[in-house]
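Chains as they are written, first to last, in my numbering: chain A, 12 to 515; chain B, 32 to 172.
Computed spacing ranges between beta-carbons, pair by pair:
1) A:R514 - B:A123: 27 to 33 Å
2) A:E313 - B:A83: 53 to 59 Å
3) A:A36 - B:E68: 47 to 53 Å
4) A:R128 - B:A99: 48 to 54 Å
5) A:A309 - B:A83: 53 to 59 Å
6) B:G64 - A:T68: 32 to 38 Å
7) A:V242 - B:D124: 45 to 51 Å
8) B:A83 - A:I156: 38 to 44 Å
9) A:V242 - B:K37: 25 to 31 Å
10) B:V152 - A:A235: 29 to 35 Å
Listed below are the simulated EDC-like cross-link pairs for lysine to aspartate or glutamate, each with C-alpha atoms no more than 16 Å apart in a straight line:
11) A:K62 - A:D77
12) A:K211 - B:E49
13) A:K515 - A:D444
14) A:K286 - B:E49
15) B:K167 - B:D124
16) A:K267 - B:E49
17) B:K37 - B:E69
18) A:K267 - B:D94
19) B:K134 - B:D124
20) A:K211 - A:D167
21) A:K267 - B:E84
22) A:K515 - A:D473
23) B:K134 - B:D100
24) A:K286 - A:E265
If you're looking for bench data, these hints aren't it; they were derived computationally from the structure. No experiment lies behind these values; they were computed from the predicted model shown. Positions of the beta carbon are idealized from the N, C-alpha and C atoms, including for glycine.
Spelled out from the first residue to the last, the chains are:
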Amino acid sequence: MTIIRISDDALARACGADELAAAFARKGHEIQRVSSWGMHWLEPLVEIDGKGFGPATLADIDAILDGSSGLAIGTIADHPFIASQQRLTFARAGKTRPLNLEDYEATGGWAGLRRARLIGSDAIIEELLASGLRGRGGAGFPAGIKWKTVAGATADQKYIVCNADEGDSATFADRMVMEGDPFQLIEGMAIAGEAVGASKGYVYIRSEYPDAIAKMQAAARISAQIVAPFVVEIRVGAGAYVCGEETSLLNSLEGKRGEVRAKPPLPALKGLFGKPTVVNNVLTLTAVPHILTGGGAAAYAELGMGRSKGTMPIQLAGNIRHGGLYETAFGITLGELVNDIGGGTASGRPVKAVQVGGPLGAYLHPDQFDIPFDYEAYAAVDALIGHAGLTVFDDTADLRAMARFAMEFCAAESCGKCTPCRIGSTRGVELIDRIATGGRVLAGVETAPQMHNMPKQGRSQDDEIQLLEDLCDTMKFGSLCALGGFTPYPVMSALKHWPDDFRK
Amino acid sequence: MSREQKLSEIIADHSGREGPLIPILHDVQEEFGCVDEEAEQAIAAALNLTRAEVHGVVSFYHDFKPKADPRPVVQICRAESCKSRGVEALIADAEQAAGARVKLHTVYCLGLCSSGPNARVGDRLHARLDSAALVKLIENA
Numbered sequence: 012m013t014i015i016r017i018s019d020d021a022l023a024r025a026c027g028a029d030e031l032a033a034a035f036a037r038k039g040h041e042i043q044r045v046s047s048w049g050m051h052w053l054e055p056l057v058e059i060d061g062k063g064f065g066p067a068t069l070a071d072i073d074a075i076l077d078g079s080s081g082l083a084i085g086t087i088a089d090h091p092f093i094a095s096q097q098r099l100t101f102a103r104a105g106k107t108r109p110l111n112l113e114d115y116e117a118t119g120g121w122a123g124l125r126r127a128r129l130i131g132s133d134a135i136i137e138e139l140l141a142s143g144l145r146g147r148g149g150a151g152f153p154a155g156i157k158w159k160t161v162a163g164a165t166a167d168q169k170y171i172v173c174n175a176d177e178g179d180s181a182t183f184a185d186r187m188v189m190e191g192d193p194f195q196l197i198e199g200m201a202i203a204g205e206a207v208g209a210s211k212g213y214v215y216i217r218s219e220y221p222d223a224i225a226k227m228q229a230a231a232r233i234s235a236q237i238v239a240p241f242v243v244e245i246r247v248g249a250g251a252y253v254c255g256e257e258t259s260l261l262n263s264l265e266g267k268r269g270e271v272r273a274k275p276p277l278p279a280l281k282g283l284f285g286k287p288t289v290v291n292n293v294l295t296l297t298a299v300p301h302i303l304t305g306g307g308a309a310a311y312a313e314l315g316m317g318r319s320k321g322t323m324p325i326q327l328a329g330n331i332r333h334g335g336l337y338e339t340a341f342g343i344t345l346g347e348l349v350n351d352i353g354g355g356t357a358s359g360r361p362v363k364a365v366q367v368g369g370p371l372g373a374y375l376h377p378d379q380f381d382i383p384f385d386y387e388a389y390a391a392v393d394a395l396i397g398h399a400g401l402t403v404f405d406d407t408a409d410l411r412a413m414a415r416f417a418m419e420f421c422a423a424e425s426c427g428k429c430t431p432c433r434i435g436s437t438r439g440v441e442l443i444d445r446i447a448t449g450g451r452v453l454a455g456v457e458t459a460p461q462m463h464n465m466p467k468q469g470r471s472q473d474d475e476i477q478l479l480e481d482l483c484d485t486m487k488f489g490s491l492c493a494l495g496g497f498t499p500y501p502v503m504s505a506l507k508h509w510p511d512d513f514r515k
Numbered sequence: 032m033s034r035e036q037k038l039s040e041i042i043a044d045h046s047g048r049e050g051p052l053i054p055i056l057h058d059v060q061e062e063f064g065c066v067d068e069e070a071e072q073a074i075a076a077a078l079n080l081t082r083a084e085v086h087g088v089v090s091f092y093h094d095f096k097p098k099a100d101p102r103p104v105v106q107i108c109r110a111e112s113c114k115s116r117g118v119e120a121l122i123a124d125a126e127q128a129a130g131a132r133v134k135l136h137t138v139y140c141l142g143l144c145s146s147g148p149n150a151r152v153g154d155r156l157h158a159r160l161d162s163a164a165l166v167k168l169i170e171n172a
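This is chain B alone, in the form it adopts within the complex (with noise of 0.2 Å):
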């Protein structure tokens, strides 16, 4: 299947709904690791809006890239519980086990508040983590 019907499909998956945007938004980034400027004018084609309005909706929200990316991604919390538990100390070790390969990621809150420092690699989260935990589930990504 061609780029174009595969986008073609996810946006009639998505017809019959009411605000189809995020979670066309959402396929598109699943299947092609990014919402770039082809994705956007077939959206807006299709949603009868500018690719302006799509713009703006893309880049407002920190789940959708411009472009891909091939790397891993390791997300890791640096919110407020997880400093409490000393997450700030860990992000030079994890930085040097990242190097060029692996890309870390910031978020606020994982939801595992009581027990962090936490991490998340795809859909599967990491809760109590040291040094050289985070180590190795950066090393295994």
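One chain only, chain A, in its complex shape (with noise of 0.2 Å):
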């Protein structure tokens, strides 16, 4: 009898796991479903002694078994897309059973809560803002400073709310922390209330996550006696990406449309229920636990550049041989991910662009490969690192329709309070699908001299390009949110860096 070690990530699963899991168990094998390794290209993974093959079906079985299969990779540890990373978060990808907890305490789980609940509220914030630990959600604010705000309030009930709604396409680090390493986020959001005194956490989870939702509800349940007197619930949203945003997910959470919150007042001083609530998403919350253990911060504080420090979760996605999930310190180029690590399309034809930071992230040309991943070097190109999702699109790609996607998604995902968003978005899509066509021509009807708010001219394709550029800037300062204000971007880039596709 031998030990199989099977993912049970999602990402496995819809590649066939379970089948190959099943068959293995049908053989008389012992079987152990663990975390992914994150080489999702090799999902389904199969483990034996340390030693992987992949992707494997049912008929590789028998060779995986008797040790011929052409599948076989080598010790997974030392596999180059392994050594090469730098994993504080995804420590314990691949290697642990998400809910086991004798699994999690041998990795030096709860040690980072130990520690906290022995040094206090002050001295976990001071290392914390040792770290330079910035939110990992997009905004890369300083997590340090919003954990003092909410500890520096003062009321009867507080917060912490763990934003798990990632929504973007090309993000999946948090989807995979919470299947593959469930308790570290719940140390991590048992540490954040120990600092700033809260004694409930919420985690609010995307509906189109079933698998995370199931594993957080049961580690929630097992966990509940480590961390008491901390409370934490799991919350399902409802299937609307703008509840990502911190203040629309609030307002779900208390039972309301998902929509955005005027700020100020801070989330941190008036957030759930009025409430001091903290907001983290998943990866910041998760970076926690191994900043909290002895020495972790200044450890942490080394990696990175500039003030973008420590690591960075790096989700290689869309078109691209070698997709999943990279943990590296921030400074590493956009072309060492897509080109080395990814090892290019996976459909074999050149790259055209990579867009980074989901959808709302602006299009990286080849040109630009050489940018660093730090967060001011990606503003300094009007880019962003965003949730640090890289989509891969090779030549056929077309970027106009990219541009009128990112226009189209944000109009049927507005939650309407804003004008700039809830109606720039439609009209974006109609200025691109005219671009398209040439520019405005004028029929008949519109020139009728009783229609006098209709346009007296037609508008060539340079007009209509100009109009659109416009109409970015006002969504781009004018918008509440994210969603809004940030839709420019990959419209802009896609303008900027490949006119051609707009001007045909």
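Bring the two chains, given one by one in their own frames, into a single complex with the hints.
Below you can see the structure in the form of structure tokens.
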């Protein structure tokens, strides 16, 4: 009897891991369902005595067992994709059973929480500030400052809210944490509770993640005694992208429409049910236990570059040969990520564009591949790191179509609270359609004298492009939240780097 | 158990919670396949809200439906990553396979972005789909 380890992560399962595990079990082998190593092109990955075989199908089972399989990749931990990473948040990925408390303890679990309870609120926040950890959800705000604000507020009740509404295309790191290492997130939330004086935490998970929801519910139940008196409750979203925006998320938790709230007041002072609230992304909270173990903060701050400290779990997605989760210190270039680590496109065709930061992130051109992964370096070229998802496109991509999709997506998902986002996105779709047909040609009815508010003359393609730029400017500076405010990034970057796609 | 009883049971299940509306709506949607006017009224009365307030919430979220649809649903991701891996080329075949029997629903991201195109049927996810696999999925839905 051999011990066979196969991931039960949603991606591995979607690629057939359950059927594979069942078939090995029928042959009398012991199956351990573990978290995913993050080498997605190899899923389902079968691990026997540390050696990997993937992507495995039912037809490969006999050859894997007798050692003759051509799918062998050698020792998984030595694979270049794994060995070249700096894994802190994903240190347990592939190694532990997600809901097994013994596995968690044996790999340093709860050490951060134990120490946090020993050193107390002020010292926890000091360590967090010293680590330089910035919010990993997209905005990059220093986590320690947010916590300090909540800790300093006086209230009968405070909350920790984990934003697990990971709706961006090309992002799956939150999902992998929740499915693969859920106790680490709960530990991070409990430490946050200890730091700011909050007794209750909510995890708001999008409904598109059934596996993550099930794992987190089980993990909250299993660890309830350990984190008590801190209480963690899992809440499920209802299919609204905008609820990833922190103030929309708070409204949704309260049982309201997921509309954005104007700031101020900051959620840190008036958040959930009007009480001081820490709202942090999954990856932010999950980075905390490591930082809180002795010496973690200083070691963390030494990684990275400039004001971008520590490591970032980068998600390699889209048309990429070696897609998956790659955690490394800030400063790595986009070209290294796409070409060296990702192996170029899956289709084998040349890379045309890489969208960084999800649907609201800019499209970067291969000419920009030497830009280091750093919040400030990206801001300098009108781009975002966001949640660090990379979508690779080959040369068959039509960037005008992608720009149109960005506007269409914004129109579909706008909460409707502010005009630039609600109306601007719809006008943006219409404008890009008119650019596609060469500009605006007036039909007879539009020139009728009684239609005084209709344009008196047609507009050329160049005029329409100018109008699109003006519209993007209005959305960028006039919208209440990132949905309307950042939709111009993919649109403008597409227009800037691939003008031929618009003018053809 | 009557519909009315079931409704009040669901509402009672969440009575101890802060902000219970969304969890209640999820359970109602799951039980009845929709959140209709009658359910809105019962929830509004129980939570001391107006029906308009409840309807405002129900209509805001994509997950809640005003009318039950008995057809099986196949969710297909058409966000950027799946687009970059060719999902749009599969849509015509998918629509033909679905016909009037299966409801196709567009979602933006199932979180399997390195291995698209992806789809979801019930709580089962499917990755690396090509036209034949997607058609088979729809036919078996």
